[in-house]
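Those sequence lines, one after another, are chains A and B. When the first sequence is numbered by my numbering, its final residue is 345 and no position is left out of the sequence of numbers. When the second sequence is numbered by my numbering, its final residue is 483 and no position is left out of the sequence of numbers.
Hints were generated in silico from the structure; no laboratory data involved. This structure is a prediction, so every number in the text was calculated from the model and none was measured. Just so you know, even glycine gets a beta-carbon here, dropped at the ideal spot from N, CA and C. Each hint should be verified, as a subset may be incorrect.
Restraint ranges, calculated between C-beta atoms of paired labels, are given here [claimed, not checked]: (1) Leu125/A / Met48/B: 22 to 30 Å; (2) Pro189/B / Lys262/A: 47 to 55 Å; (3) Asp43/B / Leu125/A: 29 to 37 Å; (4) Lys40/B / Glu153/A: 35 to 43 Å; (5) Asn139/B / Ala161/A: 41 to 49 Å.
Computed from the model, here is a short list of chain B residues facing chain A with C-beta under 7 Å [what the hints assert, rightly or not]: (6) Asp156; (7) Asp158; (8) Ala240; (9) Thr268.
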Amino acid sequence: MLSRVAERIYWSARYLERVENTARLVGVYDNLLFDLPRDTNISWFNLIKINSCIDTFSDRYKVQTEHNVVKFLLADDTNPSSMLSSLKQAKENIRTTRDVLPQDTWELINELDLYARNHIRQGINRTDRHKFLNSIIQRCQEINGLFEGAMSRDASWQFMTLGRNLERADMTTRILDAGVSIMLQPNQGTRINLSQVVWGNVLRSLSGYMNYRRSVRTAIVSKKVARFLLEDEYFPRTIHFCINELESATKKLPRSKRVLKEIKALKKLHYSLANGNPLDEQFRDYLNQLQINISDLHSALMTNWFAFNMGDHQEETPSLKKVEQKEYPFACQA
Amino acid sequence: MIWDNYQSEQHYDELITPTGSARDSATKLVEHIAQMDEKDLDRRRQMAEVTIQEMGISFTVYTEEGNIDRAWPFDIIPRTISAPLWKTTAEGLTQRLKALNMFIDDLYHEQKIIKDGIIPEHIIKESKNFRPECVGVNPAHGVWAHICGTDLVRDADGQFYVLEDNLRVPSGVSYMLENRAITKRVLPEMFEKENILPLDDYPEQLFDMLLSLSPRQIEEPEIVVLTPGIFNSAYFEHAFLAQQMGVELVEGSDLFVDDDDCVYMKTISGPERVDVIYRRIDDLFLDPEVFDKDSVLGVPGMMRAWKAGNVALANAPGAGVADDKVIYAYVPQIIEYYLNEAPILPNVETFLCEDPEQRAYVLDNLDKLVVKPANESGGYGMLIGPHSTKKEQATFAALIQENPRNYIAQPTLSLSTAPTLISSNIMEPRHLDLRPFILQGKNTYVTTGGLTRVAMKKGSLVVNSSQGGGSKDTWIVDTEDK
């Protein structure tokens, strides 16, 4: 399989997943605000922080209002990770890999793109936001359903699995972080059980509420939710599950040693939630470390399968033919 | 009935004789259509449209607002040719390509044809498509133009004439195949009633031809189709052919040439050596080391690899020299010179503007002639005398005088017509041509028929899809074999 085609499929899956996850993320906050009393100190700007885009946001907006934050996350074309930007990227990558993807993919992504662009106002204003976000999530799932039912489990499928699960794992760490950071904000005088509302919504945003209930069988407790989202073996959005998916996809691809090494490193990261450790800044550091390792894994697979740099690889491999069969070191494109 | 008012006047009609009866190859087709009512015809027309959309058959048109993907314009009434006539025509096409390949090989080696005074040296020297970089190279089987699309037209006398040879990167063959696929759905009964020769072995034949060029004698040589990318007007065809042959569709950035002067493809398993490249990009973009330095479509070092004999390029760089419309005028002599045979297919009478006498004739008769630049394709930069204004004629007169070598002129042919469904109850004659595709590697092959292109506008002679042309399925009908 051509490296270029593999890369485009990987990015198609990542961007498509990002579209869905961005919709989910905005959805958590939207729901939270329905349930919380007015005096709760929850800022929409948290969403910018956990997505690590404070600088890009400040270049564009002076005021950290709900309207600006939601606009930045959903619609802004100066934000390369906004929902519409991601959708555009997903569409471009699918456009150029039409011959390896199921026939209807192109039509469905076009419909999704048209819908999102024509109705984006509904996403920015609060009245119809829920309906809009739900519709986006549904359409993304429709496309993933098509892949599931119509793609051969060949290399292109493995690259799609890599893109989807890497993006998913990353977003799960960010949604967890969103929950923790809300709980760490001073909220004296709150009259309700804030923790239950926040963590309930974190779970719902990942479609994991019922799964948590069935699997954990206790009330919604912050640490148990965190543990569920990190360690549950069966729910498809947990870190544990995503890493397993990444690992088995990688094992089915050629020359995978280097990438498997990164996956091993990612697997090793563990944070003990068993004892009295609270979900504090230290836990947030751990989430941050997870994100760094995920990003390292991304670089490793880029370098391993997609990037070719003529100038460098010749130095490393004086005789091309000898190494052709074995591990072949590629240098990253600058 | 739909045929009642059909008349093609002074042109040769492919389906209907001047007295209004069907030609032999079209008898059953004409009968079949006569039995359909307006509703039935309309239903079939719609079926064709839906099929085209479903199959995603499109081509790209460049406009100022950007590139638009358009559905392929298709007329459901096929054009028929009798099998014996096609047999002779195919022989003529093979003969022509064989001679042209010998000519190209000679030009890049001893240039005997110039030494023997058949072709003046300056014509080659001034040809835009002669590539000095190719001198002395020996492509497999001595063949340079492996895939040729030759445009044939029929004049009022019904005779096939060669209008031009496309030896660089001829396109259209995927549409020929798709036209047949559509017609099988739209007129399925006809394939039982009539003996229509199949044409779908083209991808197989193309694959075998490319295989015969491989420099490495190995079990499974690596063959690729090289496309300029999604924004090229023929991208659909590139993807189609790659898919049909089961080979990779690559862009320039997917390939590299290593120190060993071999071409490699960048895959997830590491570099894989490429043996044969069916390239769909022009010579000048092939290799920035040798040609256009700013080209990002090509592969640096490609020419090095080709010259070293480590990779086959189809068509070979430099093959376009025989595509020049001035050279075209000499093809009958070229056939006689190399093959010692009389040409089977005649050329259209051609006036070379570089010859003072012929130029004077052309300038005096601009309102009657078709003037073409020697090195353009796609029907661009042409003057169609009878359809032109005085002002356009004056512009061309100036162009010709400025650069006579770059222009040729031909009499305006009375192109043949075929019945075309204009609306569900109107059948009218429209002008058409035919582009068969000829392959030459170790063996030769001619498509069964070819791509019939139709000028959809009434009276128009321009059949190019970029300029409002459409197309029809082409049937080679065996009426002997019952």
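Hint-by-hint comparison with the structure:
| no. | hint | verdict |
| --- | --- | --- |
| 1 | Leu125/A / Met48/B: 22 to 30 Å | 27 Å, holds |
| 2 | Pro189/B / Lys262/A: 47 to 55 Å | 48 Å, holds |
| 3 | Asp43/B / Leu125/A: 29 to 37 Å | 30 Å, holds |
| 4 | Lys40/B / Glu153/A: 35 to 43 Å | 37 Å, holds |
| 5 | Asn139/B / Ala161/A: 41 to 49 Å | 48 Å, holds |
| 6 | Asp156 | 42 Å, violated |
| 7 | Asp158 | 45 Å, violated |
| 8 | Ala240 | 5 Å, holds |
| 9 | Thr268 | 6 Å, holds |
Checked against the numbered hints given earlier, this structure breaks hints 6, 7; the rest are met.
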